[in-house]
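Novice: Residues per chain, in single letters:
Number of protein chains: 2
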Amino acid sequence: MGAKRIGKQTWKPEHPPVIISAAAVVGPFEGQGPFKDYFDHIYTDIMAGERSFEAAEKEMLLNACFTCLNKANRTPQDMDFFLAGDILNQTISSSFSALELRIPFFGIYGACSTSAEGLALAAMLVDGGFASFVLAGTSSHNASAERQYRYPTEYGFSRKPHVQWTVTGAGAALVARDGEGPRITFLTVGKVQDFGIKDPLNLGAAMAPAAVDTMVRHFADTGNGPEYYDLIVTGDLGKFGHSLAVKMAVSNGGFDLSKNYQDCGLMLYDTRKQDVHAGGSGCAASATVTYGYLYRKLMDGELKRVLLVATGALHSPVTCFQGNNIPGIAHAVSLEMI
Amino acid sequence: MGAKRIGKQTWKPEHPPVIISAAAVVGPFEGQGPFKDYFDHIYTDIMAGERSFEAAEKEMLLNACFTCLNKANRTPQDMDFFLAGDILNQTISSSFSALELRIPFFGIYGACSTSAEGLALAAMLVDGGFASFVLAGTSSHNASAERQYRYPTEYGFSRKPHVQWTVTGAGAALVARDGEGPRITFLTVGKVQDFGIKDPLNLGAAMAPAAVDTMVRHFADTGNGPEYYDLIVTGDLGKFGHSLAVKMAVSNGGFDLSKNYQDCGLMLYDTRKQDVHAGGSGCAASATVTYGYLYRKLMDGELKRVLLVATGALHSPVTCFQGNNIPGIAHAVSLEMI
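Same order as they appear, the protein sequences are chains A and B. Sequential numbering of the first sequence, starting at 1, is according to the working numbering. Sequential numbering of the second sequence, starting at 1, is according to the working numbering.
Everything labelled a hint here was simulated from the structure, so no lab data went into it. Beta carbons: idealized from backbone N, C-alpha and C, even for Gly. Do not rely on the hints blindly, as some may be mistaken.
Partner residues are not named here, just some residues of chain A that face chain B (Cβ under 8 Å, in silico) [as the list claims (entries may be wrong)]:
#1 Phe66
#2 Asn70
#3 Asn73
#4 Tyr109
#5 Gly110
#6 Thr319
#7 Cys320
Straight-line alpha carbon distances no greater than 27 Å define the calculated DSSO-like cross-link-like pairs of lysine-lysine that follow [what the hints assert, rightly or not]:
#8 A:Lys36 / A:Lys4
#9 B:Lys8 / A:Lys71
#10 B:Lys36 / A:Lys12
#11 B:Lys12 / A:Lys4
#12 B:Lys239 / B:Lys160
#13 B:Lys36 / B:Lys247
#14 B:Lys239 / B:Lys297
#15 A:Lys12 / B:Lys239
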């Protein structure tokens, strides 16, 4: 067992790494939501000046990465590693961004949990003495995801109430050994969970058990209950997944999440006016909320301790067609101003 | 810059982690090749007793993982992390294996460079004090890959001479802080490269420049030239990629690879008798050769120093249809009996 491991699934860096800068860019629809003043760029067109949805997503990820570097007055050459992943097949937004950034690159895949996976690995590479600077990024795009996972948006198919809305946007964070910013004080790495959900249009329910499993494990391993945090956010459970998580946290460990727990996929939109059905989803849900809104609130001192629990559904259309359940995973990262 | 970084892209663990066990399983066709006595299991049927090609691939990866654990007399509960990735969409072989292993899981994606990406990250997690034991695995399957990337095998389409043959199999390695076995003494993390190749049926040419870039960087960073190693292997460049790499190593740095450099995709088959066109490819190419054949040769003392340079093509069918070039990446890991 590593010296830095505490409890069963949680690690505590010796010298907690710092997120010295963060950036978030979003599409036009996300730019109409409550966090519009917290984003670094709001695209006026989902094509982002490119010729395909996929190229637009890559442009957004690259923009987030360069904005993040610029804010810290750093260049790609200063970076030891670039960690990125996304939900497009063969994680092309990340690979093609890595091509332009020219930083030693590790592709990662955690579906919509990728933001926290990137932060967790970045923190370990920095704390382990392998890096001074790690850039971690992720992205999603409504139209590229819809046509890959569901139907081309042009079909205009009717959406069920529990369907979620893939967020268009990207986020990046620069994790460093020293500097000003929230520190990564704990990380809890998830195990894959399967609670028997088979409907790929109900991913919130598939991921909620994984989120709760990781949170309960985090609380037990660290000895810090939910009340330790000013805010706990999951990635993209949406309305139904969020309420399921609140209930499961009570039944699985007696934890009360009712006071300070929200979901990035719900926070990102004004759900009274914006029709996103059950809420936002996609890698960009947790990334844009965390690297846009939450990062600023932490820097401004309005929040001191945030627990990010990014959630991912690890299915593919093929596994669903073949009758498999949809497994979920969640990774938790504590962000603290200390 | 991390204390353990030497040169521009190479890291040297302080206390080089050990691969205390390794396992490789292959399909029936691979079991007819020259390394048949080095594999832990040869399936008699590519379905591996399952109902789909995808389920068969997962069965192979799980088998490799459990065999690897058993050889070290370890259980999944002893593992700190499971690192795995594969080339199926949404890396389902890895995620569904992680579900059964129940080890804290980081999904990774480096296409066919995943074996070395897993070893490199495992080595850093162990050397950084975050893990005592990390299980790293990867897989590919001819039929699941063909139908996802090219054509369903049932079409029986004519294959061009430079087309490669996706290897059916899986490999796993157990990286530990201490023990008997080859140690990971250096790791060189690749940058994504683009040399203008657009043909997804000619991946060897797309990946060769990345392999050479990483090798040349490794030689420069460590001060150890090709002659330092008993054997240098790339993952799956095949016949054309291999000869291209030999030429490029001369022109890009004056390095002579003609004496001790081979390609796993070529080594795995008896290319005089087995028709694999330009050679084997897929994540399992480097994984089965390294964790089957090379691991045994290192343990037996016939090889003392091996440089694994696993290579990946980071395209997707969508990026190719949209006219993009095929970017490549390669990661190098030094395996030494010291």
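Novice: Work down the list of hints and note, for each, if the structure agrees.
Specialist: Outcome of the hint check:
| no. | hint | result |
| --- | --- | --- |
| 1 | Phe66 | violated, 16 Å |
| 2 | Asn70 | violated, 21 Å |
| 3 | Asn73 | violated, 17 Å |
| 4 | Tyr109 | holds, 4 Å |
| 5 | Gly110 | holds, 5 Å |
| 6 | Thr319 | holds, 5 Å |
| 7 | Cys320 | violated, 10 Å |
| 8 | A:Lys36 / A:Lys4 | violated, 39 Å |
| 9 | B:Lys8 / A:Lys71 | holds, 24 Å |
| 10 | B:Lys36 / A:Lys12 | violated, 44 Å |
| 11 | B:Lys12 / A:Lys4 | holds, 20 Å |
| 12 | B:Lys239 / B:Lys160 | holds, 13 Å |
| 13 | B:Lys36 / B:Lys247 | violated, 31 Å |
| 14 | B:Lys239 / B:Lys297 | holds, 23 Å |
| 15 | A:Lys12 / B:Lys239 | violated, 47 Å |
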